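As they're listed, the protein sequences go chains A and B.
Okay, so the first sequence: first residue is 1 according to our numbering, each after it adds one.
Okay, so the second sequence: first residue is 1 according to our numbering, each after it adds one.
Warning: the hint list may mix true and false statements.
Unchecked claim - With a Cα cut of at most 30 Å, we get these calculated DSSO-like pairs of lysine-lysine: (1) Lys259(B) x Lys85(A); (2) Lys164(A) x Lys51(B); (3) Lys376(B) x Lys412(B); (4) Lys235(B) x Lys166(B); (5) Lys57(B) x Lys164(A); (6) Lys269(B) x Lys322(B); (7) Lys235(B) x Lys159(A); (8) Lys18(B) x Lys71(B); (9) Lys85(A) x Lys9(A); (10) Lys18(B) x Lys85(A); (11) Lys44(B) x Lys57(B); (12) Lys322(B) x Lys31(A); (13) Lys164(A) x Lys59(B); (14) Lys47(B) x Lys159(A); (15) Lys168(B) x Lys309(B); (16) Lys59(B) x Lys31(A); (17) Lys412(B) x Lys322(B); (18) Lys259(B) x Lys164(A); (19) Lys31(A) x Lys74(B).
Claimed, not checked - One side only, chain A facing chain B, incomplete, derived with CB under 7 Å: (20) Val7; (21) Tyr10; (22) Ile145.
It is worth saying that the hints were derived from the structure and are not from the lab.
A quick note: this is a predicted structure, and the numbers were derived from the prediction, not measured.
Think of the CB as a built atom: it goes at the ideal place given N, C-alpha and C, for glycine as much as any other residue.
Okay, here's what each chain looks like letter by letter:
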Amino acid sequence: MKFTGKVIKYGDNIDTDVIIPARYLNTSDHKELASHCMEDIDTTFVSRVQPGDIMVGGWNFGCGSSREHAPIAIKASGISLVIAKSFARIFYRNSINIGLAIVESEQAAEAIQEGDTITADLDNGILHNETTGEEYQVEPFPAFIQTIIENGGLVESIKNGSIK
Amino acid sequence: MGMTMTQKILAAHAGLDKVEAGQLILVNLDLVLGNDITSPVAIKAFKNMGKEQVFDKEKITMVMDHFAPNKDIKAAQQCMMCRDFCGGQEITHFYDVGQMGIEHALLPEKGLVVSGDAVIGADSHTCTYGALGAFSTGVGSTDMACGMAIGKAWFKVPSAIKFELKGKLNRYVSGKDVILHIIGMIGVDGALYKSMEFVGEGLASLSMADRLCMANMAIEAGAKNGIFAVDDITKNYVRAHSDREPAVYQADADAVYEKTYEIDLSQIKHTVAFPHLPENTHTTDEIEEIKIQQVVIGSCTNGRLEDLKAAAEIMQGKKVAKGVRCIVIPATQRIYLEAMEAGYLKTFIECGAVVSTPTCGPCLGGHMGILAEGEKAVATTNRNFLGRMGHVTSEIYLASPEVAAASAVTGKISAPEEVL
Ligand code: SF4
Chain A
1 MKFTGKVIKY GDNIDTDVII PARYLNTSDH KELASHCMED IDTTFVSRVQ PGDIMVGGWN
61 FGCGSSREHA PIAIKASGIS LVIAKSFARI FYRNSINIGL AIVESEQAAE AIQEGDTITA
121 DLDNGILHNE TTGEEYQVEP FPAFIQTIIE NGGLVESIKN GSIK
Chain B
1 MGMTMTQKIL AAHAGLDKVE AGQLILVNLD LVLGNDITSP VAIKAFKNMG KEQVFDKEKI
61 TMVMDHFAPN KDIKAAQQCM MCRDFCGGQE ITHFYDVGQM GIEHALLPEK GLVVSGDAVI
121 GADSHTCTYG ALGAFSTGVG STDMACGMAI GKAWFKVPSA IKFELKGKLN RYVSGKDVIL
181 HIIGMIGVDG ALYKSMEFVG EGLASLSMAD RLCMANMAIE AGAKNGIFAV DDITKNYVRA
241 HSDREPAVYQ ADADAVYEKT YEIDLSQIKH TVAFPHLPEN THTTDEIEEI KIQQVVIGSC
301 TNGRLEDLKA AAEIMQGKKV AKGVRCIVIP ATQRIYLEAM EAGYLKTFIE CGAVVSTPTC
361 GPCLGGHMGI LAEGEKAVAT TNRNFLGRMG HVTSEIYLAS PEVAAASAVT GKISAPEEVL
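Excised from the complex, chain B in its bound form:
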């Protein structure tokens, strides 16, 4: 019986020739991640372990992104605790205001993850790096502490679902539409415990930004990880961002998959997830008029340069509708700078949108755009749970940057074609 991509990476990092679904193994880690919310808890657990030193100061990263720049005193205290710890331990990859970005956009950009790595992060969207052909998954703070102490984590080897992609995406349709379509199809627990493995000739039409967005939302289907087969697009991306060579793990021809779905990318339409679950998907051609009060373009799902470019192209020369607040959040400092140089930020500001410094901000209802009672928002984020962006009666509609930009212009949920 052969192994899946995920199983091969896990076996290699556990020093085993072979692993099977269900097996419990101890895995050597290439990177351990935490943010300003989860790291303080892990730092306390680390101290309880009686450890003086982290296992490897190059292989730990902390990113101050959720409530930073500090939104209140508690947030400031938490960041201070991380800063002091990383300073004391001489942790190389500590990213504070000025260098930081949203963690899952920042790590690939900084070249901290390459194909074939095994990564844990005390943040559920750590699954994002599967786009690079790495195994990465979200864990709790105790796991992070253990990772910092000994560079290892235990795992139950997951079984997998295969997504065989073919065809090409239509114009103004992107990775976000594909992953929302898939979650709508299999449900929020459709891949519980499992790996989602993306392969096939359709990959060629998916940019790294599309793939990062799709792997990011694997957790929204309950998956342990999402992972993409490594191709030239991956290798070129990795080589442009890191000195380390990508390690390619292909699934065996006789790898066992619990299920295989064929997805024809050319059939994917603009897809929107209605409140309050990512599985409540509808395509824009089948929905009635839904007026909105806020648009958020950003987050670890869709705050990359490609996303801002797509939104700017649609909004160019138009105005944000009256009564709508449009908030654009480049996911990292570098994206911010590049978007500025490319003129996208100017476009947004001229349209009447605001552009924020990188932060998670409104994505988790932290700051920078909280919703009032009964308000509706279109967001390019990944979760539309009850109350996630503000008041419990507010509503979040998850969509692509293209749909979000069009909706900002019309003031209601709209397909990009409506404003072009």
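With the rest of the complex left out, here is chain A:
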């Protein structure tokens, strides 16, 4: 699994209310959710995000309510990968389950800057910073997690029989 994209960076404790405010939870339409992603802390996100971009956060990313709409909004906005120092537990599960790639690395999340271009090789657990030339080692994804993400989430993976 490989992704290349430009970085959009945020701070610590990005909660699910910030990622997708509760006032938009009356829909489960992915595009509509994406159109409000991050708007309470960053009104420019939606207009500047490009398909494949990589989101970087600090500690406790995705804390708060267990709404699955949060990773859905991020994924539907075009983000290919989220890197953070740590993730809130249920957000982490929900991301994988809906097929959003997600990587925990204190070192990478600290060093990577807004606008850097990153190539992530999740089979081998390597993040390469094209802008600075730095490389960060992360835990590679085991095969079944890759399967879930490649198939677009847990529901699809079970539907097509790739997870039994």
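With chain A fixed as given, assemble chain B with the ligand onto it according to the hints.
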């Protein structure tokens, strides 16, 4: 490097000899739980998966507890969806009004969980069964759907914090005080991702009700699970409730713990968590007068027979203070019946308290005791988040059944000793 209790159970259920913290694994489940709020979403996801049949109709349970007996039409529709699904799939352990109780009190009582099991539930307090020496944790509805479809869930193996308990609890102090004390000490994210493992000679003085209450609130410290070492108290409990034999997983002598806390149970005082976080703890000897309008004794944390007994003993022959509404909710039908036979319900009613049928009710601000603007309540529940029991300006003080009972009598937050 050795493994913790949790890691051993996970390894065994993943078919691995060894696991390490941080490793992602696929785990075979012994039980998948849902309630009347989370199951409908999971049922929809299950149908989207294109599955005809659940993986094992004996290993799925749905409990209608949150808004049941149905509080409104939407709640009724949700229960109907669960009822139809369980009927169609011939799910054995479907608990509707009449057999139900609050899920985390009901499952151990029905013997659906035994030591060594791996359990998921689409409810954050699924961590309760760690009291039995099982691995159990709360998940989302997609996970529940996947569990129903294939009997598996993926996990990141957690690291752990060890709580070495020693000494004995003082009279009128219970498991609730211990867990509130711990959350006050380590904070609401003090165990984020991690297991909280409870061991030591102090366990001998903790009843199964104390342990269930403590494991229940592990999530309030951010933990993935809380788990107790299995001893004779556990084995006796499991054997009395289930035909299955408990499987005992002990931590290795060289298991790695991120931190070890020693807790002397004899030093624990009556502890109360102030609004709006379970970590805002104070002991009753250091607080000023706080008048209250409502007391709730119940929930998956403290609605067990031992809890009702403790409250009844304190309230016996006294009256609920003027201006206070005291609501007692036995957590299951069986507890209700036993509390009736033991005379506790009579005591409550004579005191001027009301006794409700089992339900989550006011714990999550559902029904049966919602707070008005600015009202304060002492509750034996587990969360005192903003607006959780009603109006956003209302306040919840979390406490033990002993403190709640005493407070009902005095009309202010009180230690049991004040009324005895
Ligand atoms: S009693 Fe409260 S905490 Fe327990 S399951 Fe019900 S709503 Fe959740």
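Going through the hints against the structure:
1. Annotation: proposed proximity of lysine 259(B) to lysine 85(A) holds, straight-line Cα distance about 20 Å (limit 30 Å).
2. With a C-alpha separation of about 11 Å, the suggested pair lysine 164(A) and lysine 51(B) falls inside the 30 Å cut-off, and the hint holds.
3. For the given pair, lysine 376(B) sits about 10 Å from lysine 412(B) by alpha-carbon distance, which is consistent with the 30 Å threshold.
4. For a cut-off of 30 Å, the pair hint linking lysine 235(B) to lysine 166(B) stands: about 20 Å separates their Cα positions.
5. A hinted pair counts as satisfied when its Cα atoms are at most 30 Å apart, and lysine 57(B) with lysine 164(A) qualifies at roughly 17 Å.
6. Proposed proximity of lysine 269(B) and lysine 322(B) is supported: the alpha carbons are some 27 Å apart, at most 30 Å.
7. Only pairs whose Cα atoms come within 30 Å are accepted, and lysine 235(B) paired with lysine 159(A) is rejected, the gap being roughly 40 Å.
8. The hinted pair formed by lysine 18(B) and lysine 71(B) fails the criterion: a straight-line CA distance of about 48 Å is larger than 30 Å.
9. Of the pairs offered as hints, the one joining lysine 85(A) and lysine 9(A) holds, with about 12 Å between alpha carbons and a cut-off of 30 Å not exceeded.
10. Proposed proximity of lysine 18(B) and lysine 85(A) is supported: the alpha carbons are some 26 Å apart, at most 30 Å.
11. Proximity of lysine 44(B) to lysine 57(B) is assessed by CA-CA distance (about 18 Å); at most 30 Å being required, the pair is judged to hold.
12. Under the criterion of a C-alpha separation no larger than 30 Å, the hint pairing lysine 322(B) with lysine 31(A) is inconsistent with the structure, at around 55 Å.
13. For the given pair, lysine 164(A) sits about 17 Å from lysine 59(B) by alpha-carbon distance, which is consistent with the 30 Å threshold.
14. The hinted pair formed by lysine 47(B) and lysine 159(A) meets the criterion: a straight-line CA distance of about 10 Å does not exceed 30 Å.
15. Note on lysine 168(B) and lysine 309(B): the hinted pairing holds, with a Cα-Cα distance of about 20 Å set against a maximum of 30 Å.
16. Among the hinted pairs, lysine 59(B) with lysine 31(A) is inconsistent with the structure: their alpha-carbon atoms are about 37 Å apart, more than 30 Å.
17. With a CA separation close to 11 Å, the supplied pair lysine 412(B) and lysine 322(B) stays within the 30 Å bound.
18. For the given pair, lysine 259(B) sits about 37 Å from lysine 164(A) by alpha-carbon distance, which is inconsistent with the 30 Å threshold.
19. Only pairs whose Cα atoms come within 30 Å are accepted, and lysine 31(A) paired with lysine 74(B) is accepted, the gap being roughly 27 Å.
20. Interface hint status for valine 7(A): violated, as the beta-carbon distance to the closest one in chain B is roughly 24 Å, over 7 Å.
21. Because the beta carbon of tyrosine 10(A) sits about 18 Å from the nearest beta carbon in chain B, more than 7 Å, this interface hint is broken.
22. With a least beta-carbon distance of about 5 Å to chain B, the hint placing isoleucine 145(A) at the interface is held under the 7 Å criterion.
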